[in-house]
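Number of protein chains: 2
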Amino acid sequence: MNAEILCVGTELLLGDVVNTNAAEVAKELAALGINVYHHEVVGDNPKRLKESLELSFKRADLVILTGGLGPTYDDLTKETVAAYFGKELVMDEEYLKLLKGFFEKSKRKMTDNNIKQAMMPEDCLVLENPMGTAPGCILEKDGKIAIMMPGPPREMLPMLQGPVREFLKSKSDCILTSRVLNVYGIGESSIEAELKDIMVNYKNPTLAPYAKTGECQLRITARAKTEEEGMRLIEPVKKEILQRFPNGEIYGENYESLFEAIVDCLCENNHTLACAESLTGGLISSRIVDYPGASKVLMGSAVVYSNEAKNKLLGVSEDTLKKFGAVSKECAAEMAENARKIMGADIGLSTTGIAGPSGATDKKPVGLVYIAVSTEKGTAVEQLHLARGRKDDREMIRNASCCKGAFMVLKASKQLKSF
Amino acid sequence: MNAEILCVGTELLLGDVVNTNAAEVAKELAALGINVYHHEVVGDNPKRLKESLELSFKRADLVILTGGLGPTYDDLTKETVAAYFGKELVMDEEYLKLLKGFFEKSKRKMTDNNIKQAMMPEDCLVLENPMGTAPGCILEKDGKIAIMMPGPPREMLPMLQGPVREFLKSKSDCILTSRVLNVYGIGESSIEAELKDIMVNYKNPTLAPYAKTGECQLRITARAKTEEEGMRLIEPVKKEILQRFPNGEIYGENYESLFEAIVDCLCENNHTLACAESLTGGLISSRIVDYPGASKVLMGSAVVYSNEAKNKLLGVSEDTLKKFGAVSKECAAEMAENARKIMGADIGLSTTGIAGPSGATDKKPVGLVYIAVSTEKGTAVEQLHLARGRKDDREMIRNASCCKGAFMVLKASKQLKSF
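Taken in order, these protein sequences are the chains called A and B.
Under the numbering used here, the first sequence has 313 at position 313, and the numbering climbs by one with no breaks.
Under the numbering used here, the second sequence has 270 at position 270, and the numbering climbs by one with no breaks.
Okay, chain A solo, but in the shape it has when bound:
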């Protein structure tokens, strides 16, 4: 079954509101194994809505609409869709009573235009709206299905994930199962060069790469009758990919990011982490804290943005700062070790470098970064050159430093565990 998503609302056309509904409906349909090849947005205009609906039903059997169900004069979805199906709107007396009661209870005046909301296409399946006053509905005729839901996301979502999901499950015999492989250290185009045969040739499961900030995800998606069957299709593809990237580039499965992996892995290995951040400015700790469970793992981070703070908060010696400077492997090592010892953690991570655009010297260019990881077994420092001569270098250098540091911490925790 093919579907299209048609969102109605002038506020969407003008960009006053971001169209999150389309993404939510799309995710739901994808999970149900229903193909979607088009999304449209039209304004509160009956002529254009009619034309879009007719076009959508030429291309697909299922059209999911959001918006245009309210009480105002420009809410015209039900009328337009009913007309396409050759149906009239009729008063749903039971719902009208409910609606009147609703207004009485909240002591609000029920204006005439609200009565519109109780007019429903004849023969439709009414969908209750516990979050608002406009019910949704489903019309079905001659193999074509239209599902109409309210525009406001907080009303649409429960309806979508409740009665609409149940209705669609009853229409489909397949489900989609996905697994994500998390990749660090190789770019999207190199990944594609290595996996192109799988990406192009495999129809079930499919393989798709997604670029994230400083890392990549490889999503393997299978269509089958059950989740178990789906997993059986996915396993061999996963094995094949792991064989092609044997050097630790695939750091995990189904993580949102390196930082979720840190919270998960360090918790599992019973390790704690203390950070000392200069150029990253708190970005590492704040990305770890995004995940509930961070408190089991993160002691804290000394964001020592100034040299004074490196010395006064973290105890980096004035000698080191004078002799080698803040951007040096010596300073990075001292920062990581001191953070670890002061906060009593198993692993210390530090970053120091030049994010730009200013701050470079003749010997130390923008993009020069030192990252150190310290454990009781010793301290490792890596030197990076991250500049690309581009306008967004500052942000990119900071992000890349965070990801590199996170990856080094994952490795350190693994090594520490194996001792």
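I should point out that these hints are in silico values taken from the structure, not numbers from a laboratory.
Take the hints with a grain of salt, since some may be wrong.
[Unchecked claim] Short derived list, chain A residues pointing at chain B, Cβ under 10 Å:
| id | residue |
| --- | --- |
| 1 | S52 |
| 2 | S190 |
| 3 | E277 |
Glycine included, every Cβ here is placed at the ideal spot set by N, Cα and C.
Knowing the structure of chain A, use the given hints to seat chain B on it.
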């Protein structure tokens, strides 16, 4: 001139990514006075892209596309649009040289598929992409215009707000001038209630509110023959709005955020800042460090996520932690004061609270947050209740705490200056 927005990308169709590009492009076109009646999303499929493009050009003269410009085999926007205009793709040798230079500089291997990005439709206007490797382009023929931009929002936005805006302005005989008023502490619907008369009735200049993370922007846009004329239209509207919000809610003009305001204002007042962050986890310092110039203002931040770190890194007394707990006004005050003194700053800011979902006690619920600001004149602590009982509370509570803290710092710097 009528326009349509056509976003290309299977990740959009599947709902893996929310289509923020459509809203951004739509806002830009609305500000330029260009009517938009349709948005579409299609996947990385040449046949469907071609059909959508042909349909869009039947209905409109200008089509703005995002996505499908990258190096992988399924990036097909340029080819498809060029074919519609009867143009071939040709190698842009200059750009190819530039692209090779990028890869060499960052010591990454340039795979063959990257070369695709230097193939451009003949006779097109190339749009530089300082944030990525795929340039955009504009094709114009027989009254039809196609503008192609990259899919990733951080690449698309500067191109849209830079050369694309310039190009579209040149098609019109008016220019648009804007000023932004930065607002903190009032919600978008309250702002609308107060300013509805201006928003609905004024056609030139127009007034539009934009919700940002934890704050708002009011954009006043005037259309006129010159920028000076535009400013003359804007001034009275600005004055009117300032009169309606006389209590400091409007903290600045033309800032990207409260954090840019901090870097600017504290620099101007010659004040330095030290932070002590618990629940915000480094988010405050990392948002300040987003702005070049942060090093003039931010000494550092002690991200003391665990109680141990509060005591060992920042010297918060075990007594305070035992008697009042980490989430208390006493702890917040001590954190702010200690950070300020240890790092030798003029202003100390601290945050401590419960972001959730876990961590609440019977006396201390999720969303309870204390924020303290310390100067040599004294310490002020505010208690907040930020929970909304919603799924995104953790992220929202952290963000709201950052913004409140930033706003308090701006006030403190202003007060300190006036002593």
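Hints, one by one, checked against the model:
no.: 1; hint: S52; result: holds (8 Å)
no.: 2; hint: S190; result: holds (6 Å)
no.: 3; hint: E277; result: holds (7 Å)
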